[in-house]
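J.: Each chain is listed here by its residues.
Protein chains: 2
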Amino acid sequence: MTTKRKVEVFSAGCPACAEVESLVKNLACPSCDVAVLDMRELAVAQRAKALGVRSVPAVAIDGQLAGCCAGRGVDEDSLRAAGLGQA
Amino acid sequence: MTTKRKVEVFSAGCPACAEVESLVKNLACPSCDVAVLDMRELAVAQRAKALGVRSVPAVAIDGQLAGCCAGRGVDEDSLRAAGLGQA
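These protein sequence lines map, in sequence, to chains A and B. Using the UniProt record's numbering, the letters of the first sequence map in sequence onto residues 1 to 87. Using the UniProt record's numbering, the letters of the second sequence map in sequence onto residues 1 to 87.
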């Protein structure tokens with residue numbers, strides 16, 4: 001018996017998320033157990049927060065965020081640099 | 001008369017988006033015209049795609065994605081590197 005790889009796709013029902021859901025499903029092999037999770041559900045949002053998800057879509061494999069999805073997020077510095085809050 | 005800075009917040013109604021909506025509203029000054037847009041609406045999704053939005057939340061100011069939000073996205077290489085599709 002082998003352990004399946006657990007793949008969690010965090011989605012919020014928007015087109016950008018749907019594209020990634022398709023991509024993951026296309027890439028997944030039989031040893032991947034893919035779950036698409038809706039961030040608008042409280043339990044999912046809590047799980048996402050624990051994993052460090054700051055934007056969607058995001059993908060975690062065996063409880064680790066994929067490199068594309070880690071450390072990303074909107075931050076105050078970059079918003080100010082882009083002109084927010086300046087007269 | 002001055003032109004207001006146009007701030008577009010792309011959201012999909014999830015908690016991570018709500019945090020950024022609050023952040024932007026807190027940072028915005030009177031010369032910022034902030035609109036929160038729902039990616040689940042077709043016209044918004046099309047506008048987002050044109051701006052290069054690949055994940056939410058994302059913020060554009062005067063039609064330019066803020067640095068935090070540009071070029072981000074889930075890509076096949078990083079998913080494979082994380083183990084997707086491997087037995």
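Where hints are given, some of them may not hold.
Intra- or inter-copy, both count: the list cannot distinguish identical chains.
As the list claims (entries may be wrong) - SDA-like cross-link-like pairs, simulated, lysine to any residue; straight-line CA separation at most 20 Å:
id : residue 1 : residue 2
1  : Lys49     : Ala35
2  : Lys4      : Glu41
3  : Lys6      : Ser78
4  : Lys49     : Gly13
5  : Lys49     : Glu19
6  : Lys6      : Gly85
7  : Lys49     : Gly73
8  : Lys49     : Gly85
9  : Lys49     : Arg80
10 : Lys6      : Ala81
11 : Lys25     : Ala43
12 : Lys49     : Thr3
13 : Lys25     : Ala50
14 : Lys25     : Gly85
15 : Lys25     : Asp75
16 : Lys6      : Leu27
17 : Lys4      : Gly73
18 : Lys49     : Ser31
19 : Lys4      : Leu42
20 : Lys25     : Leu37
21 : Lys6      : Asp75
22 : Lys6      : Asp77
23 : Lys25     : Ala81
Rather than coming from a laboratory, the hints here were simulated on the basis of the structure.
J.: Against this structure, judge whether each hint is valid.
T.: Outcome of the hint check:
no.	hint	verdict
1	Lys49 with Ala35	within (17 Å within a copy, 25 Å between copies)
2	Lys4 with Glu41	neither (25 Å within a copy, 36 Å between copies)
3	Lys6 with Ser78	between (33 Å within a copy, 16 Å between copies)
4	Lys49 with Gly13	both (18 Å within a copy, 15 Å between copies)
5	Lys49 with Glu19	between (22 Å within a copy, 12 Å between copies)
6	Lys6 with Gly85	between (42 Å within a copy, 11 Å between copies)
7	Lys49 with Gly73	both (12 Å within a copy, 18 Å between copies)
8	Lys49 with Gly85	neither (27 Å within a copy, 25 Å between copies)
9	Lys49 with Arg80	neither (24 Å within a copy, 23 Å between copies)
10	Lys6 with Ala81	between (38 Å within a copy, 15 Å between copies)
11	Lys25 with Ala43	neither (23 Å within a copy, 27 Å between copies)
12	Lys49 with Thr3	neither (25 Å within a copy, 38 Å between copies)
13	Lys25 with Ala50	neither (24 Å within a copy, 25 Å between copies)
14	Lys25 with Gly85	between (41 Å within a copy, 9 Å between copies)
15	Lys25 with Asp75	between (31 Å within a copy, 13 Å between copies)
16	Lys6 with Leu27	within (14 Å within a copy, 39 Å between copies)
17	Lys4 with Gly73	neither (30 Å within a copy, 25 Å between copies)
18	Lys49 with Ser31	neither (26 Å within a copy, 33 Å between copies)
19	Lys4 with Leu42	neither (26 Å within a copy, 37 Å between copies)
20	Lys25 with Leu37	within (13 Å within a copy, 28 Å between copies)
21	Lys6 with Asp75	between (30 Å within a copy, 18 Å between copies)
22	Lys6 with Asp77	between (35 Å within a copy, 18 Å between copies)
23	Lys25 with Ala81	between (37 Å within a copy, 16 Å between copies)
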